[in-house]
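Line by line, the protein sequences are chains A and B.
Heads up: the first sequence is residues 1 to 88, going by the working numbering.
Heads up: the second sequence is residues 1 to 245, going by the working numbering.
Any given hint could turn out to be false.
Said to hold, decoys possible - For each label pair, taking beta carbons as the anchor points, the in silico distance ranges come out as:
# : chain 1 : residue 1 : chain 2 : residue 2 : range
1 : B       : 37        : A       : 4         : 10 to 20 Å
2 : B       : 180       : A       : 71        : 23 to 33 Å
3 : B       : 118       : A       : 28        : 25 to 35 Å
Since the hints were made in silico from the structure, they are not lab data.
Beta carbons are placed, not taken as given, at the ideal position from N, Cα and C, and that holds for glycine.
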Amino acid sequence: MSSTRKNALALAVLMLLLGVTLGAAYLDLGVLHTPTAMLIGLAKAILIVLIFMRLRPSGPLVMLAFAAGLFWLLIMFTLTLGDYFTRV
Amino acid sequence: VAEARAAAAHAHQFEDAEQQRRAVTLGMWAFLVTEILFFGGLFLAYAIYRWSFPAAFAAASHELDITLGAVNTVVLICSSLTMAMAVHAAQTGRGKSLLGFLAATILLGGAFLGIKAVEYRHKFHEHLVPGSSFRLPEEAVRGRLASDHDAAIAAGVPSMEYGTLEELQRHAQIYFSLYFAMTGMHALHMVIGLGLLGWLVTGARRGRFTPESNAPVEIVGLYWHFVDIVWVFLFPLFYLVGRAP
Numbered sequence: 001m002s003s004t005r006k007n008a009l010a011l012a013v014l015m016l017l018l019g020v021t022l023g024a025a026y027l028d029l030g031v032l033h034t035p036t037a038m039l040i041g042l043a044k045a046i047l048i049v050l051i052f053m054r055l056r057p058s059g060p061l062v063m064l065a066f067a068a069g070l071f072w073l074l075i076m077f078t079l080t081l082g083d084y085f086t087r088v
Numbered sequence: 001v002a003e004a005r006a007a008a009a010h011a012h013q014f015e016d017a018e019q020q021r022r023a024v025t026l027g028m029w030a031f032l033v034t035e036i037l038f039f040g041g042l043f044l045a046y047a048i049y050r051w052s053f054p055a056a057f058a059a060a061s062h063e064l065d066i067t068l069g070a071v072n073t074v075v076l077i078c079s080s081l082t083m084a085m086a087v088h089a090a091q092t093g094r095g096k097s098l099l100g101f102l103a104a105t106i107l108l109g110g111a112f113l114g115i116k117a118v119e120y121r122h123k124f125h126e127h128l129v130p131g132s133s134f135r136l137p138e139e140a141v142r143g144r145l146a147s148d149h150d151a152a153i154a155a156g157v158p159s160m161e162y163g164t165l166e167e168l169q170r171h172a173q174i175y176f177s178l179y180f181a182m183t184g185m186h187a188l189h190m191v192i193g194l195g196l197l198g199w200l201v202t203g204a205r206r207g208r209f210t211p212e213s214n215a216p217v218e219i220v221g222l223y224w225h226f227v228d229i230v231w232v233f234l235f236p237l238f239y240l241v242g243r244a245p
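Assemble the whole structure, with the sequences as input and the hints as a guide.
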């Protein structure tokens, strides 16, 4: 697929996901509300990283650097929230 | 002439243009990783306070204009597309398209900041800036206090219990502190991005970017898309809390 078509397709899917996230906000999902919104956000972020930022063609070293960043983010969230959510 | 141009395409510490391009790209991603952790800390603070004061966050979130937020999301996603197209134009040596797409990105980025400024202005007028004059309006508070709880249930309105009005008002200020800190930091990144885009326009007008040498366009593109991703999470977390009936 040409790069222009790929970008246009990514835009279309991103708009669709924006619509889904808006619709889901008004549904009665109970506690699943925020997880749903975050999952859709994650899908959008993955699209942007893979298509607009062209992560894969940038090579293994760049992918490793990016993965390391996400790993540190995970540590920060897991340790901090693990503390807050388990306090009595 | 071709040899001189190829030599100018990379700095002397690099073997060739390809090696330089890889180094520059890796450097930008390394910087973006620090940005991920920077914004990550803010999102973490949000998570803790949202978890601690869900009712206040739901009440405060209703004060944001969902339409303006959604329009801004569309504007920003479109600006990411024009930025991606600008990078593609630089890589394929189409100077005119490059200038056009850069200009479009600047225009969309400016539109985003303009809408954001309108929103901030409303918040100032509506006393929603944390401080001594802060107050959530009556409608936002109604049905959320413990004393209104029974009346709300009787009227068939689901109620999120809350202690006192003062508590609710205080915790709503935490929401707005985070709102201004996070969207403000995001807007600051946009302003810097617009500056970088202006710098690219100057370079593009002088024909500085060729298919062999266009790293500045590429890495400013990476930065711009990153700022877009931050907004992708800010939008649902601030605008879409507690909207369900």
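Honestly, which of those hints from before does the structure not fit?
1
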